[in-house]
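Visitor: Next come the chains, spelled out residue by residue.
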Amino acid sequence: MIQPSPPNYDVLANVLIDKTRNGKIRWRETALEDTYVAAVRGLQTYRIALNPDGDLAGRTDQPDLVHLVVKDEFGSEFLDYQECGRDTLLYELFEEAQQTASPIQERIGKSVDLLNTL
Amino acid sequence: MDWLNQAVPPVWQWIAILATFIGTAMAVWAALSAKGAKKLAGEAKAAATRLHHTTQIFDLANDLLELQSMIVREDFQAIAAKATVLQGRIVRFKAEQYNWLPAEFAEEIDQAREQLQTIAENSLKPRLKLENRRMRIQSAFGYAFEVLNRLHAEAISHSQTDES
Numbered sequence: 001m002i003q004p005s006p007p008n009y010d011v012l013a014n015v016l017i018d019k020t021r022n023g024k025i026r027w028r029e030t031a032l033e034d035t036y037v038a039a040v041r042g043l044q045t046y047r048i049a050l051n052p053d054g055d056l057a058g059r060t061d062q063p064d065l066v067h068l069v070v071k072d073e074f075g076s077e078f079l080d081y082q083e084c085g086r087d088t089l090l091y092e093l094f095e096e097a098q099q100t101a102s103p104i105q106e107r108i109g110k111s112v113d114l115l116n117t118l
Numbered sequence: 001m002d003w004l005n006q007a008v009p010p011v012w013q014w015i016a017i018l019a020t021f022i023g024t025a026m027a028v029w030a031a032l033s034a035k036g037a038k039k040l041a042g043e044a045k046a047a048a049t050r051l052h053h054t055t056q057i058f059d060l061a062n063d064l065l066e067l068q069s070m071i072v073r074e075d076f077q078a079i080a081a082k083a084t085v086l087q088g089r090i091v092r093f094k095a096e097q098y099n100w101l102p103a104e105f106a107e108e109i110d111q112a113r114e115q116l117q118t119i120a121e122n123s124l125k126p127r128l129k130l131e132n133r134r135m136r137i138q139s140a141f142g143y144a145f146e147v148l149n150r151l152h153a154e155a156i157s158h159s160q161t162d163e164s
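First to last, the protein sequences are chains G and B.
The first sequence begins at 1 in this note's numbering and counts up by one.
The second sequence begins at 1 in this note's numbering and counts up by one.
Bound-form chain G, shown alone:
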């Protein structure tokens, strides 16, 4: 019996990473910690989250689980997948989204500039 080949989500992850790095996709912080959202032309939205099922203390069985959800123009989910581990493409996408939405280096720079005035 021929087994159907599993869907190739890496193609999507690679394109999202590339577009994020090139500034074509703008991720935003949300009301949830470690969760970022991007919208493209009113046709699709992307939501990426790290450790989405952790408890208040951040405890979870899968600490490096990254969850990506893609929705259509009406807000219906049509892609939903996750990967666990820091060496995965989804984790790399999460870090890119995080850097875009809340650029840590800029904040470090601001703090350093302030401290340098002392």
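Taking lysine-lysine and the DSSO-like style, the derived pairs with C-alpha atoms no more than 30 Å apart in a straight line are:
1) K24(G) with K94(B)
2) K19(G) with K94(B)
3) K110(G) with K129(B)
Bear in mind the hints are in silico, worked out from the structure with no lab data behind them.
Given the coordinates of chain G, work out where chain B should sit on it, guided by the hints.
Guide: Relative to the frame of chain G, chain B by itself:
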């Protein structure tokens, strides 16, 4: 007047010819008037639709103000319910495909929808300490509110342009 029918008195034939010309002119005028009336009716309908859209956006903005008061009171159950309702209304608003909206607004409406969803989720299943939770909800709400305000301004501007 050799080309006139010799059996009928010329005066009646001239009356008939004149009546034919008048009738043709009236038919053309009626056709043009109908076309103009149809166009006017179409424009009136479009203006009424835009007024309806403006009213809907105004109602959405009012609902967001209610959500803000719930956020201030930290009534998380109410926040979750209101944010979910607003999210659904935004989905319906966008599904009606308001062609007059600039394309970039569709993207921002999607963002606002997602921000409202995360507000609801945060309210129902907190994963942060209260202060951080409050700050994040406020920030997400602020973005959604800003988008609706700009949408409202765009809708009013568009309907005023139409009236003039």
